[in-house]
Amino acid sequence: MQFYHLFSSLRSLVIMEVILFSIFYFRSILCLHIHRTFRYLTDWLFN
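Take the sequence shown: its position 32, counting from 1, is numbered 32 in the UniProt record's numbering, and each next residue is one higher.
Derived by calculation from the structure, the hints in this document are not laboratory data. Bear in mind that the values here come from a model prediction, so they are computed numbers and not experimental data. Check before you lean on any hint, since a few could be wrong.
Stated by the list, open to error - Distance windows between CB atoms, simulated:
no., residue 1, residue 2, range
1, T42, V18, 49 to 59 angstroms
2, F3, S28, 30 to 40 angstroms
3, D43, H5, 53 to 63 angstroms
4, E17, W44, 39 to 49 angstroms
Using N, Cα and C, we set each Cβ at its ideal position, and we do this for glycine too.
Could you build the full structure based on these sequences and the hints that come with them?
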């Protein structure tokens with residue numbers, strides 16, 4: 001019973017870490033993409 005409780009808490013911790021990692025990863029990719037698109041737009045507008 002104690003082992004099952006430990007396993008379940010560990011599994012929830014791992015799921016939380018994966019969710020956080022994916023959120024940070026996608027946010028950085030999105031920021032990079034938006035920055036690049038914005039740069040292209042400004043280059044296109046001012047040229």
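How the hints compare with the structure:
As the Cβ distance of T42 to V18 is approximately 36 angstroms, the hint placing it in 49 to 59 angstroms is violated. At about 37 angstroms, the CB distance of F3 to S28 agrees with the hint of 30 to 40 angstroms. The hinted window of 53 to 63 angstroms between D43 and H5 holds, with their beta carbons roughly 57 angstroms apart. Separation of E17 from W44 is about 41 angstroms and conforms to the stated range, judged on CB atoms against 39 to 49 angstroms.
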